[in-house]
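Kindly produce the complete structure, drawing on both the sequences and the hints.
Going by the numbering used here, 221 is the number at position 221 of the sequence shown; the sequence numbering is gapless.
Since the hints were derived computationally from the structure, they do not count as laboratory data.
Capping the alpha-carbon separation at 30 Å, the derived lysine-lysine pairs in BS3-like fashion look like this: (1) K26 / K15; (2) K124 / K26; (3) K525 / K440; (4) K124 / K55; (5) K124 / K15; (6) K55 / K15; (7) K448 / K148; (8) K298 / K55; (9) K15 / K148; (10) K302 / K148; (11) K448 / K249; (12) K250 / K448; (13) K26 / K55.
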Amino acid sequence: MVCDGPPSERDALLKVIALSWRRYRKLDAGGYLELFDPDHVRASSRLGRPQRGSKAVSAALPREWEAYERVDGAISARFTPRRVELWVDETGDHATALYWLEVASTNARWSYDDQGLVLQTFKKHRGMWRIAHHTDVWDLNYDLERQKPGQDVFSFDFVYPVRDLGRAVRFYTPLLGAPFHVGDDSARFQMPGGQFVLDADRLGGRARLAAGLPNGWGVTYVGDVAAERDRLARRGVRFVDGTDAELLKKGPDRYAIGLDSSSANPFVLAQRHYATDGPAPGELSGFTETGAAAAMAKRIAKAWLHTDAHTLGTLYGRNGRWLDSTRTAVRGLEDGQELPHTLDAYYWRSYDRSPRGLSAELHADNLHVQRAGRRSVVTHTMRLTGTGPQPFRDTALVTHLLDADNRPLITIIAPATADENSQAMARQLDYTGYPVTSLKAAERFYRKTLDWGSPYQDDGWRGWWSRTESVFGIYTADPDQDGLPRSGVPSGYVSFWVHSARRTYEWMRSEGSRFPEIPSINEGKAGISRFPGYTQVVGTDSEGNLLVLTEYTGK
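Quick look at the structure:
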């Protein structure tokens, strides 16, 4: 605990913080918003953009709460603030809090834990502290106890084979939104949770389109694919299609195809290769607001896009701190004096770039400026679109806390885990499932051989949380009853979290989808089925691939 104000103000602020999370957990929107200033701004990475005022926040909270498992009218988790830092303005009417938040599931079917960082400003209202600004970022994995970077978690994309790429893109666009990249033999959809890819090359012909069955596979990204392949080969993992000796190439990336030792499910290890001679930075747009605080936000964005480490190091100096979890979740708050080194070593290297900056275009939107005593808070959304060999489109929430001279004290850049502007039926790439004949043997493979650690457990199911909070899952299947798994052939499915299972089901029917009964996936219930806590649709896409759509309903 760090506080530069009197103990009475410290205690009052801590009380508001604790009460806010208690009411948040109980889904008490009215009581929660009573703790906020009427003209507050709230920017949660669980939503796609900042909301201003109680009416907008009240409308958004139910969508945010759908991300949690709810039991008996409350979120089934415990929220614990850690390492709270408080600053009280010399007038006594404004304050700032920065703290970590640890989340642990309680009585949940799908066990999980999470770590967040929260920045709040407070304003006195009739002698009581009210929250004037709130920014949170989730899915972090910083080692708070040792105050050092934590252990990075794997990330993956999921791929479906297709016969007709154009037809498949037309099918998936109403469901997922428009793809951000369409090439000769693939299309990519960027979603909260990861990228979903349509592959007309069908993994070099290894993937077979079996109508009414899952035919997909995961692509897990590693820092050095050759070294990881060799490490796993020494542990007895078999690599196929010649990748035991020579890596295959897909665009700028290299990959190897392995088989899990329990059911011979193919999995792909890939290494992203980022260009250092890519296109120069593209357009910086959207900063239309005037004023010194907005100008500083634009200056920071321009320096970042142009990899201007000197300017950023000068701006942040010894008083500024920086957290960016769009590419890594383990680094925590970076010291301003170290930014010239850390940005180059841990952040910018994860983008295509040129000597003049990142190969990307940056657009800002939804910019809000608030006074916080002598300080200011600037919040906006940022859309970054890659123009280099690695196509991508990222959306993030950006918040700057500025001092009286509009120099940055704290910057938080958080990937937006929802797109509030999207009209798509799906909200997120939620989880994937690989069929296995022996759950125990398969768990041992992913836990010990791949070193993914311990999964969460459900009946006949094991799941590993990825860096982007999507789940890579395995489940027990019977080849005689399910036709799964198919040895050596991709047999995985993807589940998208949708706004409405009923609406999605009716749309799939209009598209001519079939609704198979597969005991291990939908318990033999064709079409739309309701289970405790969720409603599910299991049907086929335009190519015959089986996919799962899930709406979470609480309990």
